[in-house]
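Make the full structure from the sequences, and use the hints.
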Amino acid sequence: MAAKILVTGADGFIGSHLVEALVRQGFDTRAFVFYNSFNSWGWLDNAAPDVRGKFEVFAGDIRDPHGVREAMRGIDTVLHLAALIAIPFSYHSPASYVDTNITGTLNVVQAARDLGVRRVVHTSTSEVYGTARFVPITEDHPLQGQSPYSATKIGADQIALSFHAAFGLGLTVARPFNTYGPRQSARAVIPTVITQLLAGTRRIKLGAVHPTRDFNYVDDTVAGFIALAQSEIAGEVINFGSDFEISIGDTARLIAQVIGCDLDIESDDQRLRPAASEVERLWASNDKARRLLGWRPAHGGRDGLARGLAKTVDWFRDPANLARYKAGQYNI
0 MAAKILVTGA
10 DGFIGSHLVE
20 ALVRQGFDTR
30 AFVFYNSFNS
40 WGWLDNAAPD
50 VRGKFEVFAG
60 DIRDPHGVRE
70 AMRGIDTVLH
80 LAALIAIPFS
90 YHSPASYVDT
100 NITGTLNVVQ
110 AARDLGVRRV
120 VHTSTSEVYG
130 TARFVPITED
140 HPLQGQSPYS
150 ATKIGADQIA
160 LSFHAAFGLG
170 LTVARPFNTY
180 GPRQSARAVI
190 PTVITQLLAG
200 TRRIKLGAVH
210 PTRDFNYVDD
220 TVAGFIALAQ
230 SEIAGEVINF
240 GSDFEISIGD
250 TARLIAQVIG
260 CDLDIESDDQ
270 RLRPAASEVE
280 RLWASNDKAR
290 RLLGWRPAHG
300 GRDGLARGLA
310 KTVDWFRDPA
320 NLARYKAGQY
330 NI
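Sequential numbering of the sequence shown, starting at 0, is according to numbering that gives the first Met the number 0.
Derived by calculation from the structure, the hints in this document are not laboratory data. Values in this document were obtained by computation on a predicted structure and should not be read as measured data. Any given hint could be a false lead.
Taking lysine to any residue pairs in the SDA-like style, the calculated list, with each CA pair at most 25 Å apart, reads [said to hold, decoys possible]:
| hint | residue 1 | residue 2 |
| --- | --- | --- |
| 1 | 325 | 313 |
| 2 | 287 | 300 |
| 3 | 325 | 286 |
| 4 | 325 | 197 |
| 5 | 204 | 145 |
Right under this line is the structure:
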């Protein structure tokens, strides 16, 4: 396609997979990465050989409106993923989440309005729902800010949607549930379990194991973003989830089964959220995504989760990949 796409947060877990998928599908792609003195492009430094050199890189800071505007010049569609997402870190550094998630989003939508960008896909999170009041969770579920992180994402979502309502910006909100896969940070539970087990530990440390989550393999999340980028839908919020819930404890046991080992789970107090901040249950309704986009997860249900976990474990088994992680250290 001739239209040029900008991906913010392109150096991160989902963003790097998204850039690769866009390039493979023939999109003219610009990757917005976080400026640093090492000239690191994050995970894009390790982009697959078939996409290296086939995307443009812009190094900047999503919190800076001038850099954001410059990155968005000549862009048709913005896929906005840049955010701070670690919940424990948001407990002691909430101001950085306001600056990155809310102000960063304002910078994107303001520049999109001023520059005449045709389409923006803003990334939300299932954490904005808080503990489920009903399941499966539809897009009409109440929003509950149970952590500073989720509160800032609610604020960012509302800023984004307000620019559609007030100014007619062609904007849609993508709301992925718990995405997992290769390259994910060990602050997330699935890489935490995998890295500990592959490091030889059989008594692994976790926080609460009773909450349930709806895990969505990264390729499915990426397919949802691309479907939204190609659609004309605007002013909508759309869940991307597998429509399957599983407890953290059962997820850890399934990972051990995929790896082919036993495990014991040890409760680690520093990994526990404050009681009222813990999201006890997440289970996505993906009916809207099916109806409006024809999107369906290729890794749905327990069998699909097992297949996605096997792909993820295979990536972590590579010694070069596993060496990037500090398996014995709690990552916030």
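So, going through the hints one by one against the coordinates:
The straight-line distance between the Cα atoms of residue 325 and residue 313 is roughly 18 Å, inside the 25 Å bound, and the hint therefore holds. A hinted pair counts as satisfied when its Cα atoms are at most 25 Å apart, and residue 287 with residue 300 qualifies at roughly 18 Å. For the hint linking residue 325 to residue 286, the alpha-carbon distance of about 38 Å lies beyond 25 Å, and the restraint is violated. For the given pair, residue 325 sits about 12 Å from residue 197 by alpha-carbon distance, which is consistent with the 25 Å threshold.
At most 25 Å may separate the alpha-carbon atoms for a hinted pair to count; residue 204 and residue 145 meet this at roughly 23 Å.
Hint compliance for this structure: hint 3 alone is broken.
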